[in-house]
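Student: If you want the building blocks of each chain, they are given just below.
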Amino acid sequence: MEKKLKNKIIETKNLSVNYAGVKALSDVSAYFKEESIIGIIGTNGSGKSTLLKSIFGFTPIVEGEILKDGKKYDLSPHKLVESKISFVPQGRQIFSSMSVEENIEMGAVSIKNKKEYQENLTEVYKIFPFLEKNKDKISAELSGGQQQQLAIARGLIIKPRLLLLDEPTIGLSPDIVKDVFKKIKEINQKQKTTIVIVEHNLKTLFEITKHIFLMDKGILVAEGSPKEIKDSGILDKIFLAN
Amino acid sequence: MDIFIQLIVNSLIAAALYAMIAVGFNMVYSVSKFFDLAYGTIAVLGAYFVFYFYNLFPDFSLVVITAGGIFFGGFFYFLIQKIFYQKFEERKSSNVVMLVVSLGIMTITQALVAIFFTSQFQTIYLNFESNFKILGAVITPIQVILIFSSIFVFFLIFLFYKFTSIGKKAKALADDPFMSEIVGINTKRIRAIIFFIAGAVVAFAGILSFMDVGIEPTSGFTFLLNSVAAFIIGGPGNFLGSLVGAVIIGFVENFGVFFISGQWKEALTFIVLILFLIFRPDGIFKSKKQNK
Ligand SMILES: Nc1ncnc2c1ncn2[C@@H]1O[C@H](COP(=O)(O)OP(=O)(O)O)[C@@H](O)[C@H]1O
Ligand SMILES: [Mg+2]
Chain A
1 MEKKLKNKII
11 ETKNLSVNYA
21 GVKALSDVSA
31 YFKEESIIGI
41 IGTNGSGKST
51 LLKSIFGFTP
61 IVEGEILKDG
71 KKYDLSPHKL
81 VESKISFVPQ
91 GRQIFSSMSV
101 EENIEMGAVS
111 IKNKKEYQEN
121 LTEVYKIFPF
131 LEKNKDKISA
141 ELSGGQQQQL
151 AIARGLIIKP
161 RLLLLDEPTI
171 GLSPDIVKDV
181 FKKIKEINQK
191 QKTTIVIVEH
201 NLKTLFEITK
211 HIFLMDKGIL
221 VAEGSPKEIK
231 DSGILDKIFL
241 AN
Chain B
1001 MDIFIQLIVN
1011 SLIAAALYAM
1021 IAVGFNMVYS
1031 VSKFFDLAYG
1041 TIAVLGAYFV
1051 FYFYNLFPDF
1061 SLVVITAGGI
1071 FFGGFFYFLI
1081 QKIFYQKFEE
1091 RKSSNVVMLV
1101 VSLGIMTITQ
1111 ALVAIFFTSQ
1121 FQTIYLNFES
1131 NFKILGAVIT
1141 PIQVILIFSS
1151 IFVFFLIFLF
1161 YKFTSIGKKA
1171 KALADDPFMS
1181 EIVGINTKRI
1191 RAIIFFIAGA
1201 VVAFAGILSF
1211 MDVGIEPTSG
1221 FTFLLNSVAA
1231 FIIGGPGNFL
1241 GSLVGAVIIG
1251 FVENFGVFFI
1261 SGQWKEALTF
1271 IVLILFLIFR
1281 PDGIFKSKKQ
1291 NK
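As given, the protein sequences belong to chains A and B, one line each in that order.
Under the working numbering, residues 1 to 242 are what the first sequence spells out, in order.
Under the working numbering, residues 1001 to 1292 are what the second sequence spells out, in order.
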């Protein structure tokens, strides 16, 4: 019951998105409550990435609205980052020609205070020690798993209130997946960061989330705790049908 | 023998000019990813600014008027970006649309310059001391200034990208526009600043070229052609490459004109450009490391 009192950092209301006339989201009403870990699941092309991208203003919204702390907001990405919302998009997105530390520095352009940056950097390095060891390495030379962790570290450097992770473990070996999930949990607990995670790996995801949104063909078809979602039998219906 | 040294000197003078223009073009391309055909006209505007005010106030300091022309070029380019390019960019217009828009801006600006100043070729008389002689080659004071200005501009641009926060953000924007937005870089602001700087650089080049040889409203096309050629030879985003490209064009032009004929000047630039497009489309230094 206490959960209900938590503020919704982001809420979409009847959100519809069209890409050149093709519906990618229809009538999606989702919300991310403070301090929780939220999972978004669904088959390929079901609109998970589109939902996250919409929050950052990257998609053509045709209907509905998105609220931040209950209010409409300026959908320009740099304004969102300034309000401590980080997005780690799908596909190991890093500045590959830059060094590890330069990548993290780029994530911190919204931090004007040098001391604050240094403190955050120390914390991020504590979570990802190998990044500190390789801080001068050109990031193109890191392994896939390391690049993904660099992308997450880059998102963490502003100490976000809300961290949006789109398929952070895709293509990583099971050991590293476990490690990344452990770190996500740790970040959520220590820094009270709200984390939204789009993930294919349902078993591992269900272990760390309390709330799941299930998408199918641009529609939000179910939401609830992992147990509720599992018990409803809808997972089989959607994942086996596709 | 003397003629060869003179040709080498002339090539280097041309290279110094083209390098300046090309580096500005490269800066703009790397943050906006389209070929701005109006770029060369900014050089013309800078030159006519100096022409106009120098004739109006002949006793006024030429250095100050030049500084005014540089600022004017930067500001005008900034406005073009703000009023036109940014709007089309927001609509996610294709590169073809951007190209057509910039062609329109080039044509209109050129026509306006011709209306105000006639299409006559204009020169400026500078009361300098006599020319220099190096190993038998003649070099005028303004050409010496041109070479040193080019080196100076390159040095400043190097410092800008290496050490300033805006420069680093511009590098990130060139590397990956989507990620730059994601990390919270105000990409509109960075683009605007880069257009201002590039406009100032190309206006400065235009002013120096005007002082060296003169200017006419259609000179913008020559500026554009040379910058595009040096830019393609050097490769997008590679400023040192643009410098090398400028040197290549400077030499091909001057030696070509000497051995063939003056009418071939622009055709030669095109030939070099096309050869590079065929054999080295990603520039002379295309590095294999870049994996994007
Ligand atoms: N930039 C785009 N332009 C056109 N269609 C797109 C674009 N991005 C995504 N889509 C389409 O929108 C639908 C949802 O895609 P996406 O949100 O990426 O799905 P998911 O992340 O769940 O795999 C898909 O049908 C996809 O093909
Ligand atoms: Mg996706």
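Please keep in mind that the hints were generated in silico from the structure rather than gathered at the bench.
It is possible that part of the hints are untrue.
[Claimed, not checked] Between beta-carbon pairs, the in silico distance windows are: (1) B:Phe1088 <-> A:Glu34: 54 to 64 Å; (2) A:Lys137 <-> B:Ser1130: 50 to 60 Å; (3) A:Glu141 <-> B:Ser1093: 35 to 45 Å; (4) B:Pro1236 <-> A:Lys133: 48 to 58 Å; (5) B:Gly1214 <-> A:Lys114: 48 to 58 Å; (6) B:Asn1095 <-> A:Glu63: 23 to 33 Å; (7) A:Glu119 <-> B:Ser1094: 18 to 28 Å.
Beta carbons: idealized from backbone N, C-alpha and C, even for Gly.
Student: Give a verdict on every hint.
Tutor: Each hint tested on the structure:
1. The hinted window of 54 to 64 Å between phenylalanine 1088 (chain B) and glutamate 34 (chain A) is violated, with their beta carbons roughly 40 Å apart.
2. The supplied range of 50 to 60 Å is met by lysine 137 (chain A) and serine 1130 (chain B), whose beta-carbon atoms lie about 56 Å from each other.
3. Take glutamate 141 (chain A) and serine 1093 (chain B): their Cβ atoms lie about 36 Å apart, and the range 35 to 45 Å holds.
4. The given range of 48 to 58 Å is broken by proline 1236 (chain B) and lysine 133 (chain A), whose C-beta atoms sit roughly 33 Å from each other.
5. A hinted range of 48 to 58 Å holds for the C-beta pair glycine 1214 (chain B) and lysine 114 (chain A), which are about 51 Å apart.
6. Checked against the hint of 23 to 33 Å, the C-beta distance between asparagine 1095 (chain B) and glutamate 63 (chain A) comes to roughly 30 Å, which is consistent with it.
7. Glutamate 119 (chain A) and serine 1094 (chain B) have their C-beta atoms about 45 Å apart, which leaves the hinted 18 to 28 Å range violated.
The structure is inconsistent with the numbered hints 1, 4 and 7, although it conforms to all the rest.
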